[in-house]
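There are 4 protein chains.
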Amino acid sequence: MTNDQLKMTNVGIVGAGGYAGVTLLSILLRHPNVKVVWLMSEEAHKGKNISALYPQMRGICDLTCDTLDNLDKQLVSVDLIFLALPHGIAINYVPKMIKAGKKVVDLGADYRFHDEAVFKKWYNLDHPDKAVLAEAVFGSPELYKEQIRKARLIGNPGCYPTASILGLAPLIKNKLIDTGSIVVDAKSGVSGAGRGVNLKVHYCERNEGVMAYAVNNHRHMGEVSYQAGLLAGQPVNVTFVPHLMPMTRGIHATCYGKLISEKSKVKIEELVKLYKEFYKEAPFVRVYETGEPCTKNVAGTNYCDIALSINSESQTVIVMSVIDNLVKGAAGQAVQNMNLICGFEETTGLKAIALYP
Amino acid sequence: MTNDQLKMTNVGIVGAGGYAGVTLLSILLRHPNVKVVWLMSEEAHKGKNISALYPQMRGICDLTCDTLDNLDKQLVSVDLIFLALPHGIAINYVPKMIKAGKKVVDLGADYRFHDEAVFKKWYNLDHPDKAVLAEAVFGSPELYKEQIRKARLIGNPGCYPTASILGLAPLIKNKLIDTGSIVVDAKSGVSGAGRGVNLKVHYCERNEGVMAYAVNNHRHMGEVSYQAGLLAGQPVNVTFVPHLMPMTRGIHATCYGKLISEKSKVKIEELVKLYKEFYKEAPFVRVYETGEPCTKNVAGTNYCDIALSINSESQTVIVMSVIDNLVKGAAGQAVQNMNLICGFEETTGLKAIALYP
Amino acid sequence: MTNDQLKMTNVGIVGAGGYAGVTLLSILLRHPNVKVVWLMSEEAHKGKNISALYPQMRGICDLTCDTLDNLDKQLVSVDLIFLALPHGIAINYVPKMIKAGKKVVDLGADYRFHDEAVFKKWYNLDHPDKAVLAEAVFGSPELYKEQIRKARLIGNPGCYPTASILGLAPLIKNKLIDTGSIVVDAKSGVSGAGRGVNLKVHYCERNEGVMAYAVNNHRHMGEVSYQAGLLAGQPVNVTFVPHLMPMTRGIHATCYGKLISEKSKVKIEELVKLYKEFYKEAPFVRVYETGEPCTKNVAGTNYCDIALSINSESQTVIVMSVIDNLVKGAAGQAVQNMNLICGFEETTGLKAIALYP
Amino acid sequence: MTNDQLKMTNVGIVGAGGYAGVTLLSILLRHPNVKVVWLMSEEAHKGKNISALYPQMRGICDLTCDTLDNLDKQLVSVDLIFLALPHGIAINYVPKMIKAGKKVVDLGADYRFHDEAVFKKWYNLDHPDKAVLAEAVFGSPELYKEQIRKARLIGNPGCYPTASILGLAPLIKNKLIDTGSIVVDAKSGVSGAGRGVNLKVHYCERNEGVMAYAVNNHRHMGEVSYQAGLLAGQPVNVTFVPHLMPMTRGIHATCYGKLISEKSKVKIEELVKLYKEFYKEAPFVRVYETGEPCTKNVAGTNYCDIALSINSESQTVIVMSVIDNLVKGAAGQAVQNMNLICGFEETTGLKAIALYP
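Chains as they are written, first to last, in the numbering used here: chain A, 142 to 498; chain B, 142 to 498; chain C, 142 to 498; chain D, 142 to 498.
Pulled out of the complex, with its shape left as it was, chain A reads as follows (with noise of 0.2 Å):
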């Protein structure tokens, strides 16, 4: 028996029918540890076979899909479970799962605040279970690399968050930049939003149609802030504006903050430089040193690809960070997630290149 076929997981995938569900179940059908045992989604696809729902899968997946109700039954068969869910359906099945010895890797919102009265303000919903919210872990494996490494359960991040944060942490945790300063103009794809079917996604509404969308009241503003705060140490308020884009896939998160006056001398270079050295563990980000990231240059890839300017004018620093919301700021990120809770290499199952063009 070889050590691969030793750590071969079972997982199953709640979530299977969502544009974050597949684009998992796609990562994991190619990753060398993993055997993807049973898929849920809503009722409407029960019993339907996955190449029903994504014709893409034809000749590839026949797994057909189940729902929660079966989650007793279907439990025992698994190691891991990832949660692909609309806020608030996460908390009420994840305290049995991790009861039942199971790890979970939740890609909604639940786990994702240990303070029960952030997520309260944002989500208006309560946790149910104190003591399973109190072990989950704010999965960011740039930031948190050994808590995820010993945790069971993992809050996985927002995909605004994961470009915005990334963007900005170097900046907080070395207080080059005034907290109470920062704006992030965040631009998404249209498939941040779901499959799910409204006017704002229809095709001849967001072709040639650029507009800013949940001003001030977008639920990953808290998520930044919460975030921020907890690497500044004290409260932060980000300003943050997302944006629909006409494209299908990508975040690119334009961060703006005022360097404070003792570091008013900072240079291009030596950010760069700290930027680098802040990620030198972190196989999935890169900091450019000439140039700025497109989002086509991590399509289909779990980087985040990070670049820097700042206007000596205006004392400000400008930071561009690029993702793929499927992968970074959902799917892939819950695989790289899932490779540190089970002990794999880091980076198995994502090593894809962006398709580009």
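Read the hints as simulated data drawn from the structure, not as lab findings.
There may be inaccurate statements among the hints.
Intra- or inter-copy, both count: the list cannot distinguish identical chains.
Claimed, not checked - Taking lysine to any residue and the SDA-like style, the derived pairs with C-alpha atoms no more than 25 Å apart in a straight line are:
#	residue 1	residue 2
1	Lys-261	Asn-378
2	Lys-406	Asn-211
3	Lys-492	Pro-424
4	Lys-414	Glu-276
5	Lys-214	Lys-421
6	Lys-261	Ser-453
7	Lys-492	Ala-241
8	Lys-341	Asn-190
9	Lys-421	Cys-202
10	Lys-243	Leu-371
11	Lys-417	Tyr-354
12	Lys-417	Glu-287
13	Lys-240	Lys-417
14	Lys-492	Ala-193
15	Lys-243	Arg-290
16	Lys-341	Gly-158
17	Lys-492	Val-177
18	Lys-421	Ser-192
19	Lys-189	Tyr-354
20	Lys-214	Lys-314
21	Lys-408	Gly-321
22	Lys-316	Ser-402
The hints should help you fit chains B, C and D onto chain A, whose structure is shown.
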């Protein structure tokens, strides 16, 4: 002889082969008080019918393109000239036009700055004729309508500055925000880069490809800062980051500024009211009471749609300002200026409704 | 009182909430001989301002939407009614309108077929009032202008049939091709599917997603075949395959037909001449002598642009025919029909130049 | 030493700066049996790191580009060479490679035709070395797998021909359709035109811009006809019309052919069965029993997805065949051919699942 015939103006277009030029032609061909007498474009277009360059013109316009080499000969037949050229060319021809008694609307950058040092800083050029420069008026009718009415030379604003300054002017003029804190995060359709070919405008590079460019050195940063400074009555350094979007037309400028402390209690309703008051004589500015503006809402029109929001925790005002970069950001605004110069109704020829979807 | 005022026509639009409806509204608001008196839409839109549904209408039109429930009350105030509805609804209301002495242009399918059996085959519906059906005229001004001038009820052609029939008519009428060999491969923008939401029109499903649909059972195959048969003087079965393109507006119909053997020596120049002759009274058909038509060339206009080619080895004529599906394929053609019915100049209100790029 | 190491093959890529070249590089960098030893591209790229041309390669590959001038020196280090060049260049270098004992997969057109007269008709070129031409095999593994296995020089099929011929082969080989009636209406993403810049690939010209091009004179018409003729055992003239779509990747070939009269009763189920049988040894052809294939279903993969329909009234078979033009239509198929030549499993390195959405 009717009133309309009396007012008929003969115009020539220099730079008709570009996107701004052909947009101008399209508007002017339907303008009741204008006759387009000739077109000029680059050497390679000489002698070509405009419909060979732009097949949508078949059966509509069959003017052929001349070049600036024949300006002397062509000057006599027109009352007013539009120039839609890269910077640095117009300064060599406009003085002669003005001296010949012609009116001029320059869509390029050459006559947007009265301060030669600022112009030189951003464009590295000297003006050969200071007297002509001195009489140029910055063609923003919402800010300088009376001066425009009396002018004979207009420096038509750039596309990014149009969206940015219209978004910021009421805040700056009313001293509501700290001008040192202004950030403009601007998103543009690809047509802003013109019809010339290069890798940046290749379909396959832009589709799914959002990226910042010219960070901290885009010339429109100079124009926005200069105009903001005029409004503020003191120098202003705006942090300005332009981004390329995968779309053809439209600019979405998201503007951020910190409320000055005395104004920290200002309510959103008051701000909206102040904007409406500021733009009460501006037929092409629409201030939203609810909702966010989308680039589609103004496609093909001369409107600038503006919405506002306040992040009370960070004391930041957010202004969303959208235009069609080729219309309000170029050709439409040029016609609006022509209407004012020539004594026509300001909106003549500019009543198009957005092509939606 | 001027001639224009004499001719002012009051109209109502049923189905104003859809893409064809709002396109119609946009054209009519700028039509010099028309006053739009009321709008009707679906129940969910009742009482809503049109600018709440379509923000581009802010400051331009503030009519609110009524529903067909109030038709009796609203009928008196108009001279002519446009209906832009899914098939099967108009037949329940049009007879009453006609009996009340109103003119009607129906953009739906209900009055496009005189042969009830054919209509029933494709739509599975019976006409409640055969007399009204009998007086309907198929609203293709290029083919039936004189009948339209005398009509009071128009069945406005479908979008695909408009592009296809205009492309094929000269070949069929002149018996140049074997009608048994006709293939129409049609490519449409997503707006042809309407504003209703479903997975097919989700941005993420259509972007980068070209596919055929409704192969061999699209209702427009029935309409194309029926109209081709009328032109041929005998039944025709066109092979028709529609495809969805990742774009908003436009149809490109590529039509193929084998030359009948006696015509095997026909030259392309002769064909072009024949087309130009055939459409010499058609202000909106542009026959190209060189080059291929692009959907962009007609975007936002009422033009149908046509180019021709002959594959001499396979004896196949290829016709490329492009329209804007919402203008010439729906609202524009409807206004063209209204102009003819009401005695206005055929092109009134329809002189837009393509929004390019 | 393991089996895998034994099989490690050293390869060079000529034309790495193009879209097909970089796609090839991406696949080969993840291929377990291949080492990419060097890259060559055009003069302007000489000495540049591949990640300077393609930023997605940062941190993944840092090979620099050489040019064909150094072929002699570089030849010794590789076992197999891929060429991804415009036609007419490879013929000057391939004979030397073959004589040096190297295997060659040419992605260009130079070795796709055994009949020199046909090659000359379409490309106006003579082959300098007929012996080398004589041993080339047309690299369509679904049709010529055994010959490929024994070959050392492959003429990799063009993108349009791949989709078209795979769609038509079972019909032609089984003499089901009249080969004189074949029409292929092909729709391609813009990447098929390569990375070179010109107005046709300008974002603003293609977005919302569907058009036919090279009607009746596209070189791939020659390739499709030639290959169809080989399958039919007699000359075939296919009517072939390519169209540019506003998308980056993918080809949708819609193929039409009249059933010969003896086959007029064939049922769709029989056709589907026949296709499945025909492609039973083809791991990358997926024949659909229901539904239509979408270009998205194969994006980034080596699949060719095929669906069928019969118009019984016109006795026409319709075949919808989709591929990713850069993978199955170029680089993926080239790797598939390499796998066969080198004795690797046919699907090695080609198991990607479509990036969806």
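Item to complete: Measure nothing new, just compare the shortest in-copy and cross-copy C-alpha distances for Lys-261 and Ser-453 to 25 Å and report within, between, both or neither.
Response: Classified as between: cross-chain Cα gap 20 Å, same-chain 40 Å, threshold 25 Å.
Worksheet item: Checking Lys-492 and Ala-241: alpha-carbon separation at most 25 Å within a copy, between copies, both or neither?
Response: Intra 32 Å, inter 35 Å, cutoff 25 Å: neither.
Discussion item. Cα distance capped at 25 Å. Does Lys-406 pair with Asn-211 within a copy, between copies, both, or neither?
Written reply: Cα proximity of Lys-406 and Asn-211: none, with 61 Å in one copy and 48 Å across.
Discussion item. When Cα atoms must be at most 25 Å apart, do Lys-414 and Glu-276 count as within-copy, between-copy, both, or neither?
Written reply: Result: close neither inside a copy nor across copies, 34 Å intra and 50 Å inter.
Worksheet item: How would you label the pair Lys-417, Glu-287 (within, between, both, or neither) given a Cα cut-off of 25 Å?
Response: within (19 Å within a copy, 51 Å between copies)
Item to complete: Go through the copies and call it for Lys-243 and Leu-371: within, between, both or neither, with a Cα cutoff of 25 Å.
Response: Neither, since 28 Å and 59 Å both go past 25 Å.
Worksheet item: Are the CA atoms of Lys-214 and Lys-314 at most 25 Å apart within a copy, between copies, both, or neither?
Response: neither (46 Å within a copy, 51 Å between copies)
Fill in: Intra/inter-copy verdict for Lys-421 and Cys-202 if alpha-carbon distance must be at most 25 Å
between (37 Å within a copy, 18 Å between copies)
Worksheet item: 25 Å Cα cut-off: does Lys-316 pair with Ser-402 within a copy, between copies, both or neither?
Response: Both ways: Lys-316 and Ser-402 sit 11 Å apart in one copy and 24 Å across, limit 25 Å.
Worksheet item: Can you tell me if Lys-341 and Gly-158 fall within 25 Å by alpha carbon in one copy, between copies, both or neither?
Response: Both: 20 Å inside a copy, 16 Å across copies.
Discussion item. Please sort Lys-240 with Lys-417 into within, between, both or neither, judging by C-alpha distance up to 25 Å.
Written reply: neither (40 Å within a copy, 48 Å between copies)
Discussion item. Checking an output row: Lys-261 and Asn-378, CA cutoff 25 Å. Within, between, both or neither?
Written reply: Within one copy, since 17 Å is at most 25 Å while 40 Å is not.
In summary, the structure is inconsistent with hints 2, 4, 5, 7, 10, 13 and 20 from the numbered list given earlier, while agreeing with the others.
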